[in-house]
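Chemist: If you want the building blocks of each chain, they are given just below.
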Amino acid sequence: MKLPLSWLKEHTPLNAPVAEIADTLIRLGHEVEGVESPRADVKGVRVGQIQSMQPHPDADKLKLLKVDIGEAEPLVIVCGASNMGEGDKVPVATIGTSLPNGMKIKKGKIRGQTSFGMCCSEAELGLAEDAAGLLILPSDAPVGAEVGDYLELEEAVFDLSITPNRGDCMNARGIARDLAADADLPFSDVPCPDVSVDAGIASPAISVSAEDDCPLYMARRIEGVRVGDSPLWLQGRLLAAGQRPVNGVVDVLNYLMLDLGQPMHAFDAGTLKGGVCIRSATEGEAFAALDGRELKLSDGDLVVADSSSVLALAGIMGSLHSGVTEFTADILLESAFFRPARVSTTRRIYAMVSEASMRFERGVDPAMVAVAMQRATAMITELFGGKAGEVSISGAADSIQGGQSLSCSLKRLQTRLGVEIPASCDAVLSRMGFDVRRDGDRIDVTVPSYRHDISIPEDISEEYARVIGFDAIPATMPQLDITRPDIPDASIASAVADGFVQVITYAFIPRNEQRLFAEADGADIELANPLSDAMTVMRRSIWPGLLNIARHNLNRQQAGVALVEQGRTYVRTAGGHDENNLMAWLMTGEVQRDDWFAAARQADFFDLKGAVEAWLQNRGLSARFVADDKVRGLQPGQSAQVLVGRGIVGRIGKVDAGIADAFDIEVPVFVAEINLDALPEGKAPKFAPLAEFPGVERDLVFLFDRGTQAEDILQAVRKAGGRFLTEARIFDLYEGQGVSEGKISLGVRFMLQAADRTLTQEDSDAAMNAITEAIEKRFSATLRG
Amino acid sequence: MSGIDALNEQLSGLQDAAVKAFAAAADPAALEQLRVSYLGKKGALTEVLKGVGKLPPEDRPVIGQKVNAVKQALADAWQATSEKLESEAVSLRIEAERVDVTLAGRRRDSGAMHPVHKGLQEMTAIFSQMGFSIAEGPEIEDEFHNFDALNIPLEHPARAMHDTFFLNDMSNEKGEPMLLRTHTSPVQIRAMQRCMEDGEPPLAIVAPGRVYRCDYDVTHSPMFHQVEVFKVDRNVSLAHLKGVLQHFLSAYFEKDVPIRLRPHYFPFTEPSAEVDIGCVFCKGSGCRICKNSGWLEVLGSGMIHPNVLASVGIDAEEYSGFAFGLGVERLVMLKHGIPDLRLFFENDVRFLRRMGA
Ligand SMILES: [Zn+2]
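So the sequence lines, in the order shown, correspond to chains A and B.
Those letters in the first sequence? Residues 1 to 785, per the numbering used here, in order.
Those letters in the second sequence? Residues 1001 to 1357, per the numbering used here, in order.
Just chain A, with the same shape it has in the complex (with noise of 0.2 Å):
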């Protein structure tokens, strides 16, 4: 909401610099998001006066004006506008003068005539859209003055974010009022003009069937007005502010809305029929709003209407015909309370925001609503002509929450405060509208009518504290019980010291995408208001998301990527839905480029594989990988399950070529998932003493059968070895030249140790037999040495 300083001070002699003043209104918790000097681009737009008017010798169309300025020659200024006269007075943008509209006036010849300047239109000063011709301003304005500093358009205006629960300062009066209470200057209302009322003019029908929505209308008709243009004042007032102006009346309810906060509502009297009703809608009733949109409505939309449809939207938007125009002659003017629950749940169903729908929806001052049905009709009546009727009402002000009294305990608000309230700061309570009574502990507060945010003590602490100022309440630490402290989740940590670059991804990904790794199954979790297409279902798979990232940096030039990311996953289950916590990895590309030291090599299954390893021997756990050619999405042959204990906790392996070719990768891809919550706790380790006496090595190779696994080698080795085996592993891996079609030779190599002694010849020659003869006799294998 746009301020100006200068309508401030209508209410209240505000004499502090605007700096100070954007600071109070910060303290008082009037967010300022800036504070503008408009209209300084009019700086050299003085008030000049015609004294000669002559046809262009050259231009039909064109004027010749000698124009008084105030200095000692008038200008001589070419124009084309043909609404003026020898005698008006008129903006002059004088040679170096910046519009709006970014011209720059410099000396020119038109049509062979130089012209010493512009006269200006509405349109050219920034104040209008468009204009017809030149603005002329008002016999009294004195020639040479600024235009800006006459139409008063130079000026602080504060841009401001009113907080929700402050309905009652979304208008000039209200901030006006925090302000003087603040630094105890006079406040004043604008008084409550007396009205005549011409009796010959009916006061109009009203019935109001739904109270609780509408515990207050007021309504009155006047007759006989032209509709014109409001005054400049006004006009430039509304711009000020932010708004256009539309037509006077309009204009006019605008203004006081701005001013009081009470948003009114003026029909146009002559396409009523009968009398108005305030009523719920019916289900399906037609309504033709403003906005142009043709609404059906509920049971329940809280609506204007007469006998023949529905003229408005209570407190949200009128329709589309039944609004005042130049052409209307007869109002029917309104004023309500309506419930702001009620216009803030229609308004959210039709997805409507209006200046009176926001006001309402925060709560408006039910004292207001007479006093600005009066100074509307005042208004109307003195700039457009119109007599005005009785003004009929339903339901009364005081019936509305207000007057609401509080009490509240002293010692505690200063216990939720954490500062001493000072007495000092009752008064300033009062300035704002409250009653407050102390009387020991007890303080008593009357709430004022405009104050709907305020029903409980801790409002009034809230209160309490705007005055005393946040700045003034200490920092102090609270007791904190010692417990055992919470350590972070470090999962990540190991991952990045191996390498991996953690990334972050979208928890929604395209509904392609997700296919891509989880079956078509009803499990997909999808928005019903995604952002785009590439944001549609909850992710089942971190997969996706780490293959775009992978394509988005290969694109950028680098040869390899090892991404990780941590999050978690979503899955609809019978009874509801599953977030589960995964580890996914990425590797793609080189991991190793072409070095001084080494030749370029790029990513494979086991790269990845011992990353996975490393990172669960790092939790303290170990995992087997056991071959699975069906997992969705990863290439047969190169695909694994991944078990800690017997449980199955991720999985690993090659992107299918086709999926990785879709994201645009044509390097093989690996990437890996453990699911964090399937794990179990891994073991701190335990102190084993070293061993004392050395140990023996000794390596075998046989020739296999291809096809016949690592692991089950190493079991079959870990079984026949006895108890001097201490480790065994696959040393070395051949097939080809040497080695017939269908067999692979794999050597073994086996570290044989005992804790009390060396062992001799014949231990190590004992265990070498028993896993000879048991990996023979297991496998179709022969030694080879």
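Watch out, some of these pointers could steer you wrong.
Unchecked claim - Listed below are the simulated DSSO-like cross-link pairs for lysine-lysine, each with C-alpha atoms no more than 30 Å apart in a straight line:
(1) Lys1054/B - Lys1042/B
(2) Lys1066/B - Lys1020/B
(3) Lys1283/B - Lys1255/B
(4) Lys743/A - Lys630/A
(5) Lys63/A - Lys107/A
(6) Lys66/A - Lys107/A
(7) Lys609/A - Lys1118/B
(8) Lys107/A - Lys43/A
(9) Lys9/A - Lys1291/B
(10) Lys1291/B - Lys104/A
(11) Lys1042/B - Lys1071/B
(12) Lys1042/B - Lys1066/B
(13) Lys104/A - Lys61/A
(14) Lys630/A - Lys609/A
(15) Lys1118/B - Lys683/A
(16) Lys43/A - Lys109/A
(17) Lys1291/B - Lys43/A
(18) Lys1291/B - Lys2/A
Hints are computed from structural coordinates only; laboratory data are not their basis.
Position chain B with the ligand relative to chain A; hints supplied.
Modeler: Chain B with the ligand in isolation, oriented as in the chain A frame:
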């Protein structure tokens, strides 16, 4: 010439020849060969000494001294040459093994933690060390925990401001629609509910996590991170909130930062305050980033609204609490001078490595 003289001459000649030969040895092997040929069991010296037995007994001590002197001279000569050869060999080896120390070291590309995750961990750790327990909650939430229990009823304007993502055909056991949580505050409700199941306050929780808003532009991401912090106990005050905020912000930014609380409005706190820190870019003198105010808004805070406490059965007469929610991305951007929120979700490894180093 007497026997002793001849022997003396022989010994002197041998010494001269041996010393010359040792000095001329080209390598340790040649030297060893010479040592054997002069000093070995069958060497030249042994050969000469055979003549000693033929000398008269009175000459023997004299020649004995001479022999010892020759032996010593040979040993010295051998020693000198040996040391010389050894040091030459060492120099040769060192020269042969010389490397270009300016060549790049052999290493892999380093990994990096995502700056948002790192920030989340730093923040969580600060609160954890202060004595707050870590809690988490579901990201797919019901309306009760995300809104109603937090004193944001359906018709409340703040509810519409939350730009909520809803989910198709998902409801809780009461049939209420499910949504993606718009803040980490539901964890506050869940933690208080758990606490009340088998006990009562005090309760001090830090809850980090992902949250979602249906909003996507230069300064908004549909998914981002928050850290919710709250404490419920007897006599918890706004001053305590200020104390914890001051401690946290100074710890996180690793320097004393001025803070400013401004009254604000949140449905779930009363009083409510927005918290600013002195602009970290201009030190408060005013710049483009702080819009010349010298302050940067960093989080929303307040005293937990009695309705929120009541929604989980905590007696607001007896207990009070403070709560605040940190925007992780914003704090990380401010701490590291990261200009654009979108960098976090673009996941360019060059950016991540630079920030994660
Ligand atoms: Zn700054």
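Chemist: Given the hinted pair Lys630/A and Lys609/A, is their Cα-Cα distance within 30 Å?
Modeler: 18 Å, holds
Chemist: Against the 30 Å threshold, does the CA-CA distance of Lys1118/B and Lys683/A hold or violate the hint?
Modeler: Holds: Lys1118/B and Lys683/A sit about 26 Å apart, inside 30 Å.
Chemist: Between Lys1054/B and Lys1042/B, is the straight-line Cα distance small enough, at 30 Å or below?
Modeler: 19 Å, holds
Chemist: Within a Cα-Cα threshold of 30 Å, do Lys9/A and Lys1291/B meet the stated pairing?
Modeler: Status holds; Cα separation ~26 Å.
Chemist: Check whether the Cα positions of Lys743/A and Lys630/A lie no farther apart than 30 Å.
Modeler: 26 Å, holds
Chemist: For a C-alpha distance cap of 30 Å, please report whether Lys66/A and Lys107/A respect it.
Modeler: 15 Å, holds
Chemist: For the pair we were handed, Lys63/A and Lys107/A, check the Cα-Cα distance against 30 Å.
Modeler: 16 Å, holds
Chemist: Taking only the CA atoms, is the gap from Lys104/A to Lys61/A under or equal to 30 Å?
Modeler: 23 Å, holds
Chemist: Quick one, are Lys1066/B and Lys1020/B close enough, alpha carbons at most 30 Å?
Modeler: This hinted pair holds, its Cα atoms lying about 19 Å apart.
Chemist: Can you confirm whether the C-alpha distance between Lys1283/B and Lys1255/B stays at or below 30 Å?
Modeler: 12 Å, holds
Chemist: Please work out if Lys609/A and Lys1118/B have their alpha carbons no farther apart than 30 Å.
Modeler: 26 Å, holds
Chemist: Is Lys1042/B close enough to Lys1066/B, meaning Cα to Cα at most 30 Å?
Modeler: 20 Å, holds
Consistency with the previously given hints is maintained throughout, with no hint failing.
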